[in-house]
Amino acid sequence: MKSAGTKSSASPVGEDVPRIDARQKVTGAAIFADDIQFGDSLLHARIKRSPHPHALVRKIDTTRARALPGVKAVVTGEDFPRHIGLYLQDRYIFCRDRVRYVGDPVAGVAATTPEIAQKALDLIEVDYEVLEPVLDPELGTHAEAAILHPDLGQYVVAGFIFPKPGTNISNHFKIRKGDVVGAWGRCAAIVEHRYRIPHIQHVPIEPHVAVARVEPSGEITLWGSSQSPFAQRNLIAQSMGISQSQMRVVAPLVGGGFGSKAGVSMEALVVAIATKVPGRSVKLLLTREEEFYTAFVRQGLVSHFKMGCDAKGRLLAMENVFYWDGGAYTEYGVNVTRAAGYSSSGPYEVPNIKTDSYCVYTNHPVGGPMRGFGMPEMHAGLEQCIDELALKVGMDAVEFRRINCLKAGSPLPTGSKMHPTGLPVCIDKAADAIGWGKKPAASAPNKRRGKGLALMWKAPAMPPNAGSSAWVELAEDGTVTVGVGGQEIGQGVFTVAAQMAAAALGVPYESVRIASPVDTRYSPYEWQTVASRLTWSMGNAIVNAARDAKRQILGTVGEAWEETPEDLDIVNGVVISYKTEKEIPLKNLAVYGLPKPNDQGWRGGPVIGRGAFMPTYVTGLDPETGQGERSVVHFTTGAQAVELEVDLDTGRIEILRGVSAFDVGKAINPAQVKAQMEGGFVQGMSSALFESLNLKDGVVRSPSFVDYRIATTADAPRDLQSFIVEEAQDDGPWGARGIGEHSMVPTIPAIANAIYDAVGVRLEGPPFTAEKVYLAMLEAGVVK
Amino acid sequence: MTLHEIHVTVNDEPEQVAVPANMTLMRMLREKLALTGTKNGCSAGECGACTVLLNGEPVNSCMVLAVECDGARIVTVEGLAGEDRLAPVQETILRAGGVQCGFCTPGILISAHALLERNPTPSDDEIREALVGNLCRCTGYLPILESVREAARMQSAAG
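Just so you know, the sequences run in chain order A and B.
For the first sequence, this note's numbering begins at 874 and goes up steadily by one.
For the second sequence, this note's numbering begins at 43 and goes up steadily by one.
Worth flagging that the hints you see were computed from the coordinates, not collected in a lab.
No experiment lies behind these values; they were computed from the predicted model shown.
Don't take every hint at face value.
[Claimed, not checked] Reference excerpt, derived from the structure (chain A facing chain B, CB under 8 Å, subset only):
| id | residue |
| --- | --- |
| 1 | V1127 |
| 2 | G1128 |
| 3 | L1159 |
| 4 | T1160 |
| 5 | E1163 |
| 6 | I1362 |
| 7 | G1552 |
[As the list claims (entries may be wrong)] Pairs of lysine to aspartate or glutamate residues, derived as EDC-like cross-links and limited to a Cα-Cα distance of at most 20 Å, are as follows:
| id | chain 1 | residue 1 | chain 2 | residue 2 |
| --- | --- | --- | --- | --- |
| 8 | B | K74 | A | D995 |
| 9 | A | K1037 | A | D1495 |
| 10 | A | K1290 | A | E1222 |
| 11 | A | K945 | A | D995 |
| 12 | A | K1037 | A | D1009 |
| 13 | B | K74 | A | E988 |
Note that CB positions come from ideal geometry on N, CA and C, so glycine has one too.
Produce the entire structure from the sequences given, and follow the hints as far as they go.
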């Protein structure tokens, strides 16, 4: 008889199994959207874009472009009168009356070659009336600012978003808890600061690409690099005025997403163009320059923090105001604003808190979701203030965090209570590993060494009813195919999906494959591959589907063996009886079932398990106070620490060591969890030291990899350590919760705190370039 | 546009291709020979995703015109593995966890392979320098660097 111990040791959950997609990726066999071959009849699309940050469109003349040989279609906003948008339907596919950022699409061309399409763009004449732009989110809320969306009051909007018609405010989220004004008088120390976080970009190495074909029947197929095939089906169908079932989205492997390929970014453009050339496939591939100008950005933030504590270092109050630079339209910005609002205490117990988080329309590129969804931007300031407050009250910054950090049952800013969390353990791990309190000598006389630490928390920010589904099917040989609608964007979710299916069904990991590419016609529904929600949400759906398949199999075998299913199990691909010790491999019954004795027919048959998951317990929040029963599903928490050196001669920063510790509930694949922690640390470091779109007068001034520097092999720290903390999530598969985005949330403030520790200066915001650090040191008298 | 006939050897296969004068080597590989393992990340020579070996040297294939390659030997990611075994660096990058989204992987493998061909025992700094033109946004690079070190060890152990 097999013991329970044998079973659990055979489970692939918790094991570092090899990635399911790695072999095809190292041999060049992996297919990305741009690799799909459409033959010589493929048409190429290019987009005519606004050169102005803000202007009225008086007239568009496409006559000359249409006459160019090789041009098959020219479209403008005239033909597409419906709005599109995820939470707030505030944009047209092509601009109709007004352009709102440099790069806003005004017309599209399909031609036989990309060169002809590009040439046709030059022949399109657009007559603009240039208007005063809004270039700062805080100023955008002032009464004298130009109003960018006069029709804001008419837009369709999700129930949890609160636009202010007649202003540029697309969402205002408030927290009103306790008595902030009364609390200031009881504070022994108060700090107040303002930070400015620049626009940056996701920079996946694979640019955005989409191919659309409209059948003569009106059905539309879209192939694209997408984190959100189902959301695209829904939103594009609505904006084209067709049924969702007429819209099919096929989404192969994604060459890096980080949020930039979530929702609808450029895909509706090529669908609109394709409607004019039925039966022809039309491809739109963004150039890298176009990526920098027009793909989603991580919106800028102007944040004001005021916080105070008593003489023992207990946080008493916070007052926060956030102005999010939502850009021209607000695909995700309004929800980033909300998420930052309900998370605005940081991972701390704060009895009195007042927060105003505003999303503001500006004439900047469109704010999308980016790894961390507002949390890196918000924590950048918040976690520096915590250090300053600790200093002011005379406490060690780590000790201050230990006292104030969230523990199980801690009250949250929205009125609910914190679930069990390993945050205190994360603090200890990070502090121990970095050698907190010990200061080694710098490596050279012209260098100063410093250490810094920061905490984070983040919930999946999504509508309360974001659902997942999955199916599990057995083939003749007993191997298992798992259907999912979540996307492999590099995070390793197909591997983890296979591990969970294998463990829940009782088969080896190697005998599971994932049905891919994701295709909305055949794959089960998944809301979107965002919010670090798949391991948890899609994982639950997979477990449910595997259990459903298992129930069917054990039912069939139980009948055949005249045993109750409770005495049966599936172990390593074999159905076994704990009672009679009988065994039968799955392949012996997978598709054809089992014969009844004496040729009396058959039982069982094809096995297909189905499973779904949707959180049903997330409640609304009061629009005036932000209070409610349960604002989110859960929070992942963690800590990072860094050790760095500042070069006094140049201001250059070298990150010597980085430590990450996050509470992931349960690591389904520990190696991949650590890979997320390392990759996120380096992306966070890159955003701290190098990255900014350098928007000036509404124009992106760094539209190439030369001007927009991301971390290279020369910058990766030599020593990164990652610690997994596992305080189980009550509704997660095996207790798991997400980790993908969280790993870059505390990096900016950890580095900023280490810079302060080294040379005693703080900057208004990243990137902490050598030039800015040097000038700050000069101003502070650290160097002469 | 006039087409030019060129002869190239790609992954040990002789090929005859008709290309327009403005077609890059990257586009020729992807569009004429369906070798889509070579990736287009920027078309500006900045990201390294399209790196291939041109007569043994790693180049950004988006910066080379196909017509310049008449008579050349080209190796793409599809040509790295042997009949039934992966090249050492393909093997070690799998094991070290150096692959996430996989879009930069082909270019990284070619650059790493070229490094190990000309310097079988590279130092850590030499590995970093050889890969500095290959951008990766997912991994943070450390597992990639480790996989090159490990491949060097494997190769020297195999003599």
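> Which numbered hints turn out to be false for this structure?
Replying inline: 3, 5, 8
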